[in-house]
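Q: Those protein sequence lines, which keep their order, are chains E and G. The first sequence: position 25 = 25 (my numbering), numbered continuously. Take any residue in the second sequence, note its place counting from 1, add 1000, and you have its number in my numbering.
The reader is advised that the hints may include incorrect statements.
One-sided excerpt, in silico: chain E residues whose CB lies under 10 Å from chain G [said to hold, decoys possible]:
hint: 1; residue: PHE10
hint: 2; residue: LEU13
hint: 3; residue: LEU43
hint: 4; residue: ALA50
hint: 5; residue: GLU52
hint: 6; residue: THR55
hint: 7; residue: GLY58
hint: 8; residue: GLY63
hint: 9; residue: TYR64
hint: 10; residue: LEU69
hint: 11; residue: ARG72
hint: 12; residue: THR104
hint: 13; residue: TYR106
hint: 14; residue: PRO109
Sample of chain E residues at the chain G side, in silico, Cβ under 8 Å [as the list claims (entries may be wrong)]:
hint: 15; residue: PRO8
hint: 16; residue: GLY16
hint: 17; residue: LEU45
Covered stretches of chain G, as calculated for chain E (at least 3 residues, CB under 8 Å) [claimed, not checked]:
hint: 18; segment: 1037 to 1045
hint: 19; segment: 1102 to 1110
Keep in mind that the hints were calculated from the coordinates and are not lab data. Small disclaimer: the values here were computed from a predicted structure and weren't measured. Glycine included, every Cβ here is placed at the ideal spot set by N, Cα and C.
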Amino acid sequence: NAGVTQTPKFQVLKTGQSMTLQCAQDMNHNSMYWYRQDPGMGLRLIYYSASEGTTDKGEVPNGYNVSRLNKREFSLRLESAAPSQTSVYFCASSASAGGAPQETQYFGPGTRLLVL
Amino acid sequence: EDKVVQSPLSLVVHEGDTVTLNCSYEVTNFRSLLWYKQEKKAPTFLFMLTSSGIEKKSGRLSSILDKKELFSILNITATQTGDSAIYLCAVEGAGGSYIPTFGRGTSLIVHP
Chain E
1 NAGVTQTPKF QVLKTGQSMT LQCAQDMNHN SMYWYRQDPG MGLRLIYYSA
51 SEGTTDKGEV PNGYNVSRLN KREFSLRLES AAPSQTSVYF CASSASAGGA
101 PQETQYFGPG TRLLVL
Chain G
1001 EDKVVQSPLS LVVHEGDTVT LNCSYEVTNF RSLLWYKQEK KAPTFLFMLT
1051 SSGIEKKSGR LSSILDKKEL FSILNITATQ TGDSAIYLCA VEGAGGSYIP
1101 TFGRGTSLIV HP
């Protein structure tokens, strides 16, 4: 099992460019999440998908969109990148769907994004 | 709004010292509290705590939850350089969903 995988590992964008961060999990988990981590800020939730076919906003959704392509894959899109989106992005998954008892999240290795 | 506060924000110790990391929280309908260790990359799970007063232990690491006073502590005894990491606390509540809210983390540096 690869667990949670993310691509790319590192990306440099110019302001206004767009890109999609890919995430996939092979644990048959229902729930998937996108976080960003900035120095001294912990993990902040951007969007999550409690189950296939559903997505919801988290704490900091502005400037992002997501797609739950299927049960395995959850992508994060930046339509027009801004320097404030320079961060490390983590994808995570967990077994349970919304409302059911939560279990621990499993995290991908992260994508380091620099927006110039 | 759910809130998780970790202290201290950073800590520098020498090998062999014992450290205590704190996590206090305010959350609607508490479900569980989780501790993660983050080295250079992704956070990895340490403990999940749901009941008050029951210590979870794994080697030199242990954690306990106080649901009355709304906090948890993570203890690391006989610290080693490999314990250097950011330790994240997250709390799951039912304020509309069970998505965990993370604290800002405690950065621990252990010097040889």
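Q: Hint by hint, say whether it matches the structure.
A: Structure-based check of each hint:
1. PHE10: violated (12 Å)
2. LEU13: violated (21 Å)
3. LEU43: Hint holds; LEU43(E) Cβ to chain G Cβ min 4 Å, cut 10 Å.
4. ALA50: Hint holds; ALA50(E) Cβ to chain G Cβ min 7 Å, cut 10 Å.
5. GLU52: violated (17 Å)
6. THR55: violated (12 Å)
7. GLY58: Check passed: Cβ of GLY58(E) comes within 7 Å of chain G, closer than 10 Å.
8. GLY63: Where the cut-off is 10 Å and the nearest Cβ of chain G is about 20 Å from GLY63(E), the hint is violated.
9. TYR64: violated (16 Å)
10. LEU69: violated (21 Å)
11. ARG72: With Cβ-Cβ at 18 Å, over 10 Å, it is violated.
12. THR104: holds (4 Å)
13. TYR106: holds (8 Å)
14. PRO109: holds (5 Å)
15. PRO8: Hint on PRO8(E): violated, closest Cβ of chain G at ~14 Å, above 8 Å.
16. GLY16: violated (29 Å)
17. LEU45: holds (6 Å)
18. 1037 to 1045: Satisfied; 5 residues make the cut.
19. 1102 to 1110: holds (count 4)
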